[in-house]
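Each chain is listed here by its residues.
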Amino acid sequence: MSATVDGIHVVSTETIPGFIIKDQLGVVSGSTVRAKNVWRDFTQMMKNIVGGELPQYTELLVESRNEAFMRMVADAKARGANGVVNLRFATSAVSPGAAELFCYGTAVVTE
Amino acid sequence: MQPSYSATGLQWSRNEQEESPLETIELLFYAVCGLPLLLILLWSVLWAVYGILFSIAYPFLFLYGALTGSSKKKEWQDSLLLRERQTLSRTGKDVLSMDKLRRPQNVSESGVIWTSIVVGPSHWQQLVASIYMLFGGSIDVYHDLIALGRSEVFQRLREMATDKGYDAVIGVRLDTSMIGTHRGKKQGSKGIEIFAYGTGVKLDKPLRG
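These protein sequence lines map, in sequence, to chains R and Z.
Take the first sequence: its position 13, counted from the start at 1, is 27 in the working numbering, and no numbers get skipped.
Take the second sequence: its position 29, counted from the start at 1, is 10 in the working numbering, and no numbers get skipped.
Any given hint could turn out to be false.
Just so you have them, the derived chain R footprint on chain Z, three or more residues with Cβ under 8 Å [said to hold, decoys possible]:
(1) 18 to 25
(2) 59 to 71
(3) 98 to 107
(4) 172 to 178
Label pairs and their in silico Cβ distance ranges [claimed, not checked]:
(5) Z:Asp75 to R:Met60: 16 to 26 Å
(6) Z:Asp144 to R:Gly21: 39 to 49 Å
(7) R:Val108 to Z:Ile33: 51 to 61 Å
(8) R:Asn51 to Z:Leu9: 30 to 40 Å
(9) Z:Ser70 to R:Glu125: 33 to 43 Å
(10) R:Val108 to Z:Glu4: 45 to 55 Å
(11) R:Ala92 to Z:Leu108: 19 to 29 Å
With a Cα cut of at most 16 Å, we get these calculated EDC-like pairs of lysine to aspartate or glutamate [said to hold, decoys possible]:
(12) Z:Lys54 to R:Glu28
(13) Z:Lys81 to R:Asp55
(14) Z:Lys171 to R:Asp55
(15) Z:Lys55 to R:Glu67
(16) Z:Lys53 to R:Asp55
(17) Z:Lys171 to R:Glu67
(18) Z:Lys183 to Z:Glu140
In short, the hints are calculated from the structure, not lab data.
Note that CB positions come from ideal geometry on N, CA and C, so glycine has one too.
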């Protein structure tokens, strides 16, 4: 019926349309800290001189977000939820060359 | 161990006896430190080659970026406009919205989607910006880049939604962050990541009109 990730229905809105939320199981979160290898850093540095998009970094961040997201989903699953509402993402640069990707949301049980 | 050049075997054995304590120390030294030393040597050679290549390539890349920057920006703008029109003509209405859905009973399917872009100002643009920063005011080179990046990321979200068969995207949020490999140094990349996410919904009745 609906698009689920690993049996968990994740939305960024306050409610899941078409479902009634029965119970709220608290905030679930997932995060990763990732860095690209030296060679990719080098190529992106060269690309940076010319300007424009840095595709390798885009790829890296999407990959890392997927990982953080899957960790959050696993957290929600461990709590016995079948949905996550109010999903939010946050990014912070922990150190030069590495970024922390963080995502969090409210785990809920729906009917 | 060096072979002795003397003719007699007697001298050979005497030489060996004299040199043997020194050689065992040397052998031990190379056995323990040989591999790390070799690695350090290789590493420094690698960095030297990298430095030479970089200093040769840098002026050309810099000039290339300075000369093609504006035309590339225009190209990007035009292609973005074209793509935006294409999706608009297909959906009839902008699919993105920050709101909740007004009639949730319409929704048959929903799921979260996200997309991002990392853009970096070229070194020429950084130079221009640093000159502008002396006088203050609006720095258009950065503004153009980030504004274009935002439009691009929204367009990617639209395309992603239509590709996945969603009729609308609700609760769209935008997140911007800086990522760089060597902050504070001249060398290294400076990147601005623009990230958008939202909940794609499939509607029984599409949002036309």
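Verification of the supplied hints:
no.	hint	result
1	18 to 25	violated (count 0)
2	59 to 71	violated (count 0)
3	98 to 107	holds (count 9)
4	172 to 178	holds (count 4)
5	Z:Asp75 to R:Met60: 16 to 26 Å	violated, 37 Å
6	Z:Asp144 to R:Gly21: 39 to 49 Å	violated, 24 Å
7	R:Val108 to Z:Ile33: 51 to 61 Å	violated, 32 Å
8	R:Asn51 to Z:Leu9: 30 to 40 Å	holds, 35 Å
9	Z:Ser70 to R:Glu125: 33 to 43 Å	holds, 39 Å
10	R:Val108 to Z:Glu4: 45 to 55 Å	holds, 50 Å
11	R:Ala92 to Z:Leu108: 19 to 29 Å	violated, 51 Å
12	Z:Lys54 to R:Glu28	violated, 38 Å
13	Z:Lys81 to R:Asp55	violated, 40 Å
14	Z:Lys171 to R:Asp55	holds, 11 Å
15	Z:Lys55 to R:Glu67	holds, 14 Å
16	Z:Lys53 to R:Asp55	violated, 23 Å
17	Z:Lys171 to R:Glu67	holds, 11 Å
18	Z:Lys183 to Z:Glu140	holds, 15 Å
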